[in-house]
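Participant: Going down the list, the sequences are from chains A, B, C, D, E, F, G and H. By the numbering used here, the letter at position 202 of the first sequence is numbered 193, and the numbering carries on one by one without gaps. By the numbering used here, the letter at position 133 of the second sequence is numbered 124, and the numbering carries on one by one without gaps. By the numbering used here, the letter at position 128 of the third sequence is numbered 119, and the numbering carries on one by one without gaps. By the numbering used here, the letter at position 181 of the fourth sequence is numbered 172, and the numbering carries on one by one without gaps. By the numbering used here, the letter at position 46 of the fifth sequence is numbered 37, and the numbering carries on one by one without gaps. By the numbering used here, the letter at position 58 of the sixth sequence is numbered 49, and the numbering carries on one by one without gaps. By the numbering used here, the letter at position 81 of the seventh sequence is numbered 72, and the numbering carries on one by one without gaps. By the numbering used here, the letter at position 149 of the eighth sequence is numbered 140, and the numbering carries on one by one without gaps.
A hint or two may mislead.
[Stated by the list, open to error] Every beta carbon over 10 Å from chain E, so not counted as near; a handful from chain H, in silico:
#1 Phe46
#2 Ala85
#3 Glu133
#4 Gly202
#5 Glu240
[Unchecked claim] Just the calculated beta-carbon pair ranges, DEER-fashion:
#6 F:Val64 / A:Thr140: 26 to 32 Å
#7 A:Leu48 / F:Val64: 40 to 46 Å
#8 B:Glu94 / H:Asp78: 54 to 60 Å
#9 A:Ala77 / B:Arg61: 57 to 63 Å
#10 H:Thr140 / B:Arg61: 20 to 26 Å
#11 B:Ala65 / F:Glu12: 29 to 35 Å
#12 H:Gly87 / G:Ala86: 53 to 59 Å
Keep in mind that the hints were calculated from the coordinates and are not lab data. Glycine is no exception: its CB is placed at the ideal position from the N, C-alpha and C atoms.
There are 8 protein chains.
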Amino acid sequence: METANLLDLLRQIQSGRLTPEEGALRLRQAPFEDLGYAKIDHHRWLRQSAGEVIFGLGKTSPQLIGLVERMAVAGSRNIIITRLPADRADDLVAAGIPLTYHESARLGLAWADPVPQTGAVVVASAGTSDLPVAEEAALTAEILGSQVTRLYDVGVAGLHRLLAQQEALIQARAIVAVAGMEGALPSVIAGLVACPVVAVPTSIGYGASWGGLSALLAMLNSCANGVSVVNIDNGFGAGWIAHSVNRTESPR
Amino acid sequence: METANLLDLLRQIQSGRLTPEEGALRLRQAPFEDLGYAKIDHHRWLRQSAGEVIFGLGKTSPQLIGLVERMAVAGSRNIIITRLPADRADDLVAAGIPLTYHESARLGLAWADPVPQTGAVVVASAGTSDLPVAEEAALTAEILGSQVTRLYDVGVAGLHRLLAQQEALIQARAIVAVAGMEGALPSVIAGLVACPVVAVPTSIGYGASWGGLSALLAMLNSCANGVSVVNIDNGFGAGWIAHSVNRTESPR
Amino acid sequence: METANLLDLLRQIQSGRLTPEEGALRLRQAPFEDLGYAKIDHHRWLRQSAGEVIFGLGKTSPQLIGLVERMAVAGSRNIIITRLPADRADDLVAAGIPLTYHESARLGLAWADPVPQTGAVVVASAGTSDLPVAEEAALTAEILGSQVTRLYDVGVAGLHRLLAQQEALIQARAIVAVAGMEGALPSVIAGLVACPVVAVPTSIGYGASWGGLSALLAMLNSCANGVSVVNIDNGFGAGWIAHSVNRTESPR
Amino acid sequence: METANLLDLLRQIQSGRLTPEEGALRLRQAPFEDLGYAKIDHHRWLRQSAGEVIFGLGKTSPQLIGLVERMAVAGSRNIIITRLPADRADDLVAAGIPLTYHESARLGLAWADPVPQTGAVVVASAGTSDLPVAEEAALTAEILGSQVTRLYDVGVAGLHRLLAQQEALIQARAIVAVAGMEGALPSVIAGLVACPVVAVPTSIGYGASWGGLSALLAMLNSCANGVSVVNIDNGFGAGWIAHSVNRTESPR
Amino acid sequence: METANLLDLLRQIQSGRLTPEEGALRLRQAPFEDLGYAKIDHHRWLRQSAGEVIFGLGKTSPQLIGLVERMAVAGSRNIIITRLPADRADDLVAAGIPLTYHESARLGLAWADPVPQTGAVVVASAGTSDLPVAEEAALTAEILGSQVTRLYDVGVAGLHRLLAQQEALIQARAIVAVAGMEGALPSVIAGLVACPVVAVPTSIGYGASWGGLSALLAMLNSCANGVSVVNIDNGFGAGWIAHSVNRTESPR
Amino acid sequence: METANLLDLLRQIQSGRLTPEEGALRLRQAPFEDLGYAKIDHHRWLRQSAGEVIFGLGKTSPQLIGLVERMAVAGSRNIIITRLPADRADDLVAAGIPLTYHESARLGLAWADPVPQTGAVVVASAGTSDLPVAEEAALTAEILGSQVTRLYDVGVAGLHRLLAQQEALIQARAIVAVAGMEGALPSVIAGLVACPVVAVPTSIGYGASWGGLSALLAMLNSCANGVSVVNIDNGFGAGWIAHSVNRTESPR
Amino acid sequence: METANLLDLLRQIQSGRLTPEEGALRLRQAPFEDLGYAKIDHHRWLRQSAGEVIFGLGKTSPQLIGLVERMAVAGSRNIIITRLPADRADDLVAAGIPLTYHESARLGLAWADPVPQTGAVVVASAGTSDLPVAEEAALTAEILGSQVTRLYDVGVAGLHRLLAQQEALIQARAIVAVAGMEGALPSVIAGLVACPVVAVPTSIGYGASWGGLSALLAMLNSCANGVSVVNIDNGFGAGWIAHSVNRTESPR
Amino acid sequence: METANLLDLLRQIQSGRLTPEEGALRLRQAPFEDLGYAKIDHHRWLRQSAGEVIFGLGKTSPQLIGLVERMAVAGSRNIIITRLPADRADDLVAAGIPLTYHESARLGLAWADPVPQTGAVVVASAGTSDLPVAEEAALTAEILGSQVTRLYDVGVAGLHRLLAQQEALIQARAIVAVAGMEGALPSVIAGLVACPVVAVPTSIGYGASWGGLSALLAMLNSCANGVSVVNIDNGFGAGWIAHSVNRTESPR
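Just chain A, same shape as in the assembly (with noise of 0.2 Å):
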């Protein structure tokens, strides 16, 4: 609660329009809604200037439905779950939800609402098995506002076909760059850029790659400046911070 809120509280105890203890109440008063086995945050949008996003993975199908109906209902649009199974999503279809599904990127939008995208976030992907991570960070971007430029197939055993993109990478506000593997990409890209890099490490690969460890370690030791990293396979992550950074306006 900001101060001026706080102060026009107290000041209406003040003047008798509240008594202490509706007042304590209302200080108490968590601004979210509980159901039973979650606990919506309806007031993130004003902390975070975006909706909740729905982890998907291991809930049940009753339990989406509940949660993006009572969304709809606070007035939520664009709604994100991500890691959403087929089959999970053809239940919220069929419960009357309207829903995008994209399969690729195991990515629902429920309750759509254009929005206008703006600025250039540039998704980069090193191999075609990483589309799927790639895609996720992509729609995220996009779903929230970002207009995005997709580089798939860049891998740095082949050099060329990174640099012929380079005026699309240098005049990016914003970059999510995606490998599995060696996971390479993102040290070669900042290394041609001044903006914020957002690695992502894939679970792409075998043996030594050991479910990402591989691609995610090289991101860490990154030796060119501008990268940071988030989590293995989370395209949504990278997509949600490449269009916080992307957002930024000139500063007042």
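Could you slot chains B, C, D, E, F, G and H onto chain A? The hints should help.
Facilitator: Just chains B, C, D, E, F, G and H now, with coordinates in the frame of chain A:
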């Protein structure tokens, strides 16, 4: 090389002002200077709007002095040397290099040139022991031109210390969150704000912290949106990224 | 064998009521029953004030039925079977065993016998996906005789949800804090209370959560006082310990 | 802030004894004191019924002296400083701070104030080399007010040494079990008693003990009920928890 | 080739009964038979006093049938096939191979030939779930010719179950100790006896047992003398070694 | 682009046969073809003297068919598809692509074109279970043009099997040594020969082999000279390198 | 206590030569002596046919002197102190303890008493750097009474050095195989012999040997029968086990 | 022993020039010399066309001097001693051994004998800190007889520095690529060339580089063809292999 410059060069060949052999040479000619043990990248300023940063660890004093001198000759100012041991710093000063040395952050600044500090970066740290890493981040962002607010010793085991600073957090354009041990600070902060949070795990701890592994994993697995992570103890990297976000201007 | 009983036995030998051979046999005679594949420990009640708990994983239905039947014959009630697959539970019921099965917690309770629930245990969980583990803890404590308050979906990325429950936390005599991913919940809770907090890392997460490793390490490295940790997903163990603390009485 | 105090404050505003502005200030005013490098949490006593404990590792002597002095001024007594190197202890004494230093446990006690020791805590350790960690646990529990019985060198490779102490174990209200290497002691003890066992893995060992990893994993995987685990070598944490259990009183 | 045989061969050359070419051929001629996908080692009996054992995992039924048939033709009996899936066993039987299949131990015995069982090997296991591994060890030792006593479900959380069997342990010439989870059984047993204890960690457990890592590390770090360790779940290997010790005769 | 070609292009501009704009376009024009989901690198033949290899894992049948068809149109022959599942291979054949499928090695060869096989590569493997990886290496080297000798089932536990093949080993120009479990084969072979040995750890094993980690570490730590290592199960990579060494010609 | 002794004691009670109280005392009386910091296990000789061994690491000189003196008073001879630093050894000698110190093996022998050496133990080591660990094993077995043959520097990269010693290996009753780096020696030796092979990984190596992990894993995954493993650098443990096998006599 | 020599020996027996006993002795006689602590392998030159290399780490000065002297007496020249500490080098020189010591590479060359340098090996390194390892590789290849081009400080964060050297790379017959941190250099280089690339991870880095693990994993997971990997910091091994490839001659 940008397309405009390339066309210009090719037109000079067309017009005979340049022979093909000279053109080939210029196209091949790399924009760096070779000192034998290192190749200074004088064009980095063009690519990244910042001078080269020297990773001080494992370099001899003569190597460091050589690097700084050639960069200064080429016009570089505010040359940052990270992980610079105190005795190396003494050697640089003894060699006549104008150097400011920040001991706790092990950071040297050579050929300092005042830069106006704008925007709003917050550097928060969980414990007193995390201070050196936090300072490395704060100093880096300041040298690059960001205005920095320091919130130290605001770890999650005493939440009220952090919550009392909520307004500084909310007004930040980029936040660096530094923590060792269980590394929970970035998650808690990211739940309170909308701007990107750059998490820095530190090697502070003992036993099962395994040199910062515990904090690193916790940060990568943050359940809050907006958290990306840099290498353990990499205060410099986080400060660079925070500044990079902070200086972002409204899209044209 | 306590000294009193030992003396009694030896005195019987002295008085001739028992031969030395009989005495040796009794001293050797272990207070357990051998089913071949398992040795039921009927004396555990004396040692631990609670009946034997059956670890259901990897046992066949006939083994489980045999164990429960012999324990019931020996007088056991409220026999807990943890990690009991649904089909095994069906087999036990089909075999005529009175069994209540809690599916989400995969916990079976055979030969239930109402136990008065006293004291105050809180089971808090970070996310909806942590619910099965939290339920295993809550049910265990309840079956053993603790009064349990459930605080679910109070993860640290939305602190106000947790802070709104501060009074329940403060009144608890023991708290179980369940969390996956970055595992920060126990640290934050322990900073708010004085009673012991038993932390349960869960395998919820993906990528660098490595099956609960991230949460486990975070909890072991908690900067807050009062946090101890059990195995990943070990809701039963945490519930047992919380009850064990909760039933503690004032020292005589 | 508890509801009673909050209501009291709001009623003062209602009655005009406090202006809304003063009320807002008090509500915002955090109960800590800011030394720049650290924020002392003077209210912890209210929350945890114990003074702040200082983690000595990595703090300078001036920082330590400053912290202790301000805490003493604020009325703290029995200030525990853990992981305090001997030379730091000397500096504190030289600065006039009344300090008792326990060298083997690397634990300092400043401004000691006799506390009656009640209840029954047992601290058991497997080998002679585990002594420093065991002592840290025992001293901590004693300083906080628990009566402690020490059972040292009772490792599982010579069971009769442990079994000879069975009566002390059975009468304990809380047990700390300290072991390195294969870390089996807590399992064996927990099989003999009904009270909670706090297991402390130590870094004692070599080769595949990997700094305590072997003992840590063994303890987390204990097949006995009632075992929870703290960080490697964290004797302080275990002593704190054991005291916290030991002081539990019968529920009202 | 032993020196005696070598001399014999060379003397045949000297005496002209063998040409140098024939001699070279025999010296080169390896005592194995090449099936293309495998090279059967018919001389192993000479080197190891036991027939070749077939590692069944990952071999096709035709490969297994081919191997067993050629070994039988060469005179092998009591051919052990470890990690043999049930369906593979069916295929071997269908192919006319006389095979006894022990399902819980996944062990097949082809061309069984009664072997007198002598000496005294004990196979002890901690829990009911460790039974398949324990049985693999027991059956292996029995097939090779050892008399085996099984002590199952004697885990350290109920010491009296183990202590009641002390005499069988003391009379053993070699002991196999099988345990998952915290893997403490071998340490406790080795503290009671003088003969070698072969420890077998099992993958039984969950969470931080990491597929048997916890038990493996605990056993490697045993504080008791006389414990050596084989691979996780390697009941066969332990049974082989126990028999190998058991058949040792007094030195001449 | 080699200097000769570059000069040629620039001379065309000088002579007016090419406009600067056309020249810039050609210089920018990357030698790859963009299929959207993949960028085919038609120039790789120039750089690596071998066509592009397709990593089959995780690609859909339409993606695979599209890639092969465009490569064939561009003139590629002997297109290798690694880690190709059998059902994908069926789809390619059904789509009319001339494909030879090696099931055990999961390797497809499209548009096969006989290549003369020269030199001498040996592929040795430790056990029957390592066969698929060894075959992938052998087939790769053969397709690229190497003559390959296969030495299978020559593991170090039966040294005479390996020593009997010493002459084939000594005559090799490059050796691939494939082994799982303890991965000792490359060390033993490298002690016998002078040519490079490419070691391939396999995921064959169980328990503490941890998916090939044991063999990988053993090979990296080889005490023999001449051993380098590729990823676990990467038979293709080893075959490629062995061929690459084998085709080396005397320096001019 | 063996049954015979137990019966004897009980018969004394029966006959009145012992009161029940005295009997209880004797049964309770633990066969160890309590020095405060350690409990000497004087009965170990009965259980293990060998005196107590002192693990020297981390014990102070007074502790060591105290332990040895009390053991000598109780009649112990040939007291082994492992991991004894040279300066500690000097302190023991200065305190008048008759001590032989083997520096390379860091092993002290106090109150030496000639023991006849029988049987046949081989200690083989891969490299010169593994010598200290090999010597610890060899000395231990010799002190306990085994005749030991040392085969040093017989690593697998020069097989003929090992093969030249085949006869010594074949005649051994137990073999200790010591190796760092890739740890292949035990596998190769076990393939040549029939007796048990105790493998000792050493921490010799660098880089990816990770303190002996590579050798440890290789040995645990040995494809040869008869290999069991002790902790990294645990020469003492291996020597103990080898002696334990070597002294085995023909079953009665 | 090659077949020709074997036949010759056997024919001498046939003809009576050699007794069978003498023949057996010669066949057994190993081509090494036993110094007690080491067995010099004088035949290695025959097997590997290169003299024995001494691994200097962990050897005493007398051991090193003894080894070099006996090798020199046996005719060895250009004896390489790797990982030789400076003080050991001084001892060797003091002992009269003609030794050239390369300090940065910690490599000693005893009894140097000029070798013509042919072919073309490139040693490339990513950063200035990787220089010692790169030098070890370069010196090794030069001593063995390869012509070496050094390309230092060509890391991937400044691609133009590497691309400017493309012609040297393309003309190489074998390339050693040395990098720490994210280890991306070998992948990028291998994408540009056709010859084998031997990747050397270095321990340069901090935090999550974990002593070179990050670079090691990245290199093992390289998406480029032709990359094989040696141990962390193993410049010697890479130089050896590069030379081994470089000296390959056209197949006959």
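Participant: Broken hints, numbered, in rising order?
Facilitator: 8 and 12
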